[in-house]
Each structure stands twice: as structure tokens, then as C-alpha cells.
Amino acid sequence: MAELLREIVVISGKGGTGKTSLTCAFAALAKNTLLCDLDVDVPDMHIILKPTPRREEPFMGGNKARIQEELCEGCGSCRDLCQFEAIREQDGHFLVDQALCEGCGVCYSLCPQKAIAFPEALCGHWFISDTRFGPFVHAQLKPGEENSGKLVSLLKKEARALAKSLGATTILCDGSPGTGCPVVSSLAGASLALAVVEPSLSGQHDFQRVAGVCAHFHIPVGVIINRYDLNPEGTEALESLCQKENYPLFGKIPFSGDIPKASQQGLALTELPGPLAGTVETIWQKIVQFQPQAQHILRPMPGKTS
Amino acid sequence: MRIGIASGKGGAGKTMLAASLHSVWPTQHILVDCDVEAPNLHFFAHPHIDQTWTVTLPVPQAVTEACSHCGVCRDICRYGAIAKFGQNIAVFPDLCHGCGGCFAVCQEKALVTGTRELGRIEQGSCGDTAYFSGCTRVGEVMTPPLLRKLLALLPEQTPADVIVDCPPGVSCPAVTVARRVDAMVLVADPTPFGYADFCLAYEAFHALGLPLACVLNRCAMPGNEGGDEKLKTFCQTHGIPVAGEVPFTREAAHALAQGRLLPELSPDWRTRFEQLCANLQRIFGEVQHG
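First to last, the sequence lines map onto chains A and B.
Every number in this note's numbering is 515 more than the matching position in the first sequence, counting from 1.
Going by this note's numbering, 143 is the number at position 150 of the second sequence; the sequence numbering is gapless.
If you're looking for bench data, these hints aren't it; they were derived computationally from the structure.
Don't take every hint at face value.
What the hints assert, rightly or not - So the derived label-pair ranges between C-beta atoms look like this:
1) B/GLY216 x A/HIS731: 36 to 42 Å
2) B/ALA213 x A/GLN583: 23 to 29 Å
3) A/GLU751 x B/PHE78: 51 to 57 Å
4) B/PRO19 x A/GLY591: 39 to 45 Å
5) B/LEU201 x A/ASP744: 37 to 43 Å
6) B/ASP43 x A/PRO634: 43 to 49 Å
7) B/GLY216 x A/ARG569: 30 to 36 Å
8) B/TRP46 x A/PRO573: 38 to 44 Å
9) B/GLY232 x A/SER680: 46 to 52 Å
10) A/PRO790 x B/THR108: 52 to 58 Å
11) A/ASN547 x B/ALA83: 39 to 45 Å
12) A/ASP744 x B/ASP87: 40 to 46 Å
Values in this document were obtained by computation on a predicted structure and should not be read as measured data.
Backbone N, C-alpha and C fix where the C-beta goes; we use that ideal spot for every residue, glycine too.
Whole structure, please, built from the sequences with the hints as guidance.
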């Protein structure tokens, strides 16, 4: 039987728990793996991977409404139709706030004067690059733009096609914080959600929320506790949670100045000599060997908004 | 004045700063948690919740017998939430963005209005500070409509300042909130990742014409030598006033992990945040709401 393509997505719920540092460290260790930065809003893997782009493509994220003054008769129906509060009247003129326009096109379709233009907008760029750790699919959304979920889906599609053509066995993705549209798009089709959790009240709370999203999509969740020594009580609470919920705990990483030090030098954590390299390597071996069982995949749905 | 506390990078210290400012703010104010995907302000501010609402999005849910199968609803929907298979119209409410286009064009009034739960909003108080927060439903992908509902609850005419804990990043959730505040404090994590994301946040929020100020968090972090200076140089070059610096200490990290407020750790910490608060009030002194 042909080996299935494994898709590992690194998530956290709460931001700033060390997702990207660890993803880059695993990238350095992973064999036959395609790398992918799905945190398209504020991507950071490129700082360590220093990619050389082989292919660059524009990302047309959608359309934006623009009122053509010379055709507008000022009836205001566009403002009344807009559910996104993106159209306002100013000194007798109607204006579309480009930052608030969701690109639904309702005003454009229903303007009685056909006075609204609806051009496609360039929302960012995406790339296929070479790195010292292997091929890398990544993007940059223009700051302030939307459609990040759409761009994430596009990157995943490209990454899968490239992995297939290269015969890669794993796609390793850096995800984004939160539980919203880019996170859900990142998780679609993932074979493992790897959560980097910090042992704080906020860290545990936000992890439980995103673990709920994973349960919703039947995606197994594994845990790494980062900076475990900064709050031993919180670490104990997370360990009990993992045991109770059948989340495999792949390992614990102490707070260390080596993490910012490695980034400062543009290195993956495993490229910096020190005790952490071994810790991270042991964790990665456990992840590679992990075979999800039914209890990791089928779990009760959590409370709705808890 | 409504002050947003934002950052490009997640985990830069937005909630820490919002809660600390609340603890030292010298005048009447309102506290709002807009990080609706991962709301954490309550761990620090310990609000007493008086009221909770479920927020829903009106979505098309079914097609009645009045439907003539003309397909105009499908044609106006840009989100693929309405499809036509042969003579049947099928509705996928989970894909709906709530633009209302289908309802507006359906001549037969054949669409039934359903609702999709987006999340919930809470209102309460922390002592004499009014408190508002939102929280998305687990599994819900859209946050802007919940944010719009949450921010619409804030009184337009109030002498009180409003401190808003914003969503991280620089895409639609952050912009939705940024459009509704009068000034923005960018919390910076001076690591290389934090620096890169801070530059993106500057680009996004500066473009909206917002007065900006910066607070450097986790300064003098071991292993991050040179990081603080690089960020300060960026701020200087781009005319972003630095309102204060919060040093990294293990004591602070431990306290924050347990939901304790830094100004309550010691008189020194309190003085630091009082100074930071005074600097922000001076920097944003002329800013008015509206």
C-alpha cells in the first residue's frame, strides 16, 4: 500500500506560545517533508528558513466595491443594503470603506444606477521556495486584507500537489492563533493537530477552545508544553487534562534564552548547540511514531462557547 | 477616547497591557475584550457578569414552495452558500456571510430566514468599570459580525475612556476593531518574529490613519540581545512614540500565567504602569472619540 501523506498542522489557540520556533526546529529534523507556513496574516517561518523563491504568484482575494461618483445619484440604497457598515454618507457623497468592504457584491448588483464598480483586488502573494530544509510553500497577505482562509486553502492545495509530485510523505504546517477562519482552513484535512501550549490560564483556556474545533473535525490532537517551568502548577493542570482527554503529550520544553537566541541568528532551535536540541529531537521522534487510534479521533463535542 | 490595544504577533502582551491599564487608569473607563476567538481578559479583570446574549447571523435556511427556481439567489451569492442542482435550490447556511443579497433579490419571498449562532456577548462590571466581552462559538469561522455587535453596545456619548483588547494579527478581525477605535497602542514583542509582525501591524494600522503608540513587552529578555534596540529604532524612524517598556522577569511570567496583574505585584511595578499610563494619556491627549 502506498504510504499516506501525513499532514501535521501546528496550532496553539493562544498566540505567542512558540509555534513557529518549534515548527522550524521540526522542519530541520523532518525527512522527506514539505514545509508550509499557513499563518498567512503574520507569517514568520521565512525568518528562519530564508527561502529562495522559485515561483511567485499574485493572490487575488476577491472584489471590492467602489462608488463611481459621476454615475451616483445619491439614493443611498447601497448604504441600506450593506450589512457590513462599509458604506457611509459624507457631505452628500456615498463612500465605501475599503477596509470594511467584505466583497459580497450586493451593492454592486443592486445599485439602480449601476454606479458601483467591483474590481478584483490583489490581496497578497504566494510562493514556492527552496530552503535548506526542503521545499517551502508560503504567502504574505497584504496587511489589513481579508480572505486569509481562502489563501490558506490555496496554499494547502498547492502543498498537496507539490508533495505528491515530489513523493514527500509529510506536510508540516505552521498554523495561526485563535479558532477562526484561517485556523479552520488550516485544519481541514489535517492528520494531526500539534498544539504548542503554554502553562497559563490563558494558554489552557485557548488550547481547549481550539481542541474543540479539532474535535468538531475529528482531527487528533497532540500536545507539547512550552516554557513548562514558568508555571509548574499550570503544567500539572495541562498534564492532567492531556491524560483525561487522551491527548498524547509529546514532551515539555523549559523556558530558555536559546529560543530567541536561535531566532536572532536566523537558526532553527536544533541548529544551535545546546541541551534543547536533544529535547526537541526526542519530541519529534515521538510525533513521527504516533499512530492515532479511535480514542484520539472520536471524542465528544465540547460545550458551545466555553 | 477609545484606545485599542493591538499587536501583529499573537501573545505579545495585549491582554496583560489592557488589564494593567485598567488597574492603574486614573479616571472612569470601560473595558472591552474583543479577542473573541481567544478571550482572556476575564482571567485578569475578574468581571462580575450581569447579562449574556447569544449573537446570531440571519442566514437563508430553506426554500419554500413559493420558490420559482429562478436561481437569482444563487447568482448573487459570492460565498457558494446557495447552489442549484437541476430544478432544486439547496442552501448551505454554514457558508453564508450574512450579506443579505439573496433575501434582497428573491421576488417570491421563498427563502426562510434562519439563524446561525456566532457566539455570545457578556456585559458586566469590574468594580465601577463597565465590562463587555465577546466569545465566538467553537467551530464558527467568522468573527467580524460578532465584533460589530459587541462594539455597537458601547455608548457613543460617554465621558469615559474605553480600553479595548483587540484581536491579534492584521487581517479582518483586527481591522474590524481598528476601524472603531480612536487610537491604537501596539504591543511589541522585540524578538525577530515579534519585530516582523510589528512592522506589518504598523503598516496596517498606520494606513487607517490611527494615532499610534508602542509599548515594548518582555524587554531585556535573555538570549534576545539587540532585539529591543532594533524595535526602538523602527519606532523612532517611523515616528511611533514609545509609551513604556515592560521588562521580562520570571516573576512576571509566573504571575501572568496565574492571572495576576503586574501593577499588583509590587509598588515598583505599579509605578511603572502608572508612568506608562500617564505617557499614553499625554501621547493621545488631543484624541477625541468620533
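Evaluation of the provided hints:
In this structure, B/GLY216 and A/HIS731 meet the distance hint of 36 to 42 Å, their C-beta atoms being roughly 38 Å apart. Under the hint 23 to 29 Å, the C-beta atoms of B/ALA213 and A/GLN583, about 54 Å apart, miss the expected range. For A/GLU751 and B/PHE78, the Cβ-Cβ distance of about 54 Å falls inside the hinted range of 51 to 57 Å, so the restraint holds. Taking 39 to 45 Å as the suggested C-beta distance range, the pair B/PRO19 and A/GLY591 conforms, at roughly 43 Å.
The given range of 37 to 43 Å is respected by B/LEU201 and A/ASP744, whose C-beta atoms sit roughly 40 Å from each other. Between B/ASP43 and A/PRO634 the beta carbons are some 47 Å apart, a value that agrees with the proposed interval 43 to 49 Å. Checking the proposed 30 to 36 Å range against B/GLY216 and A/ARG569 shows it holds: the Cβ atoms sit about 33 Å from each other. Remark: the range hint 38 to 44 Å for B/TRP46 to A/PRO573 is upheld by a beta-carbon distance near 41 Å.
Checked against the hint of 46 to 52 Å, the C-beta distance between B/GLY232 and A/SER680 comes to roughly 48 Å, which is consistent with it. The supplied range of 52 to 58 Å is met by A/PRO790 and B/THR108, whose beta-carbon atoms lie about 54 Å from each other. The beta-carbon spacing between A/ASN547 and B/ALA83, approximately 41 Å, falls within the hinted interval of 39 to 45 Å. At about 42 Å, the CB distance of A/ASP744 to B/ASP87 agrees with the hint of 40 to 46 Å.
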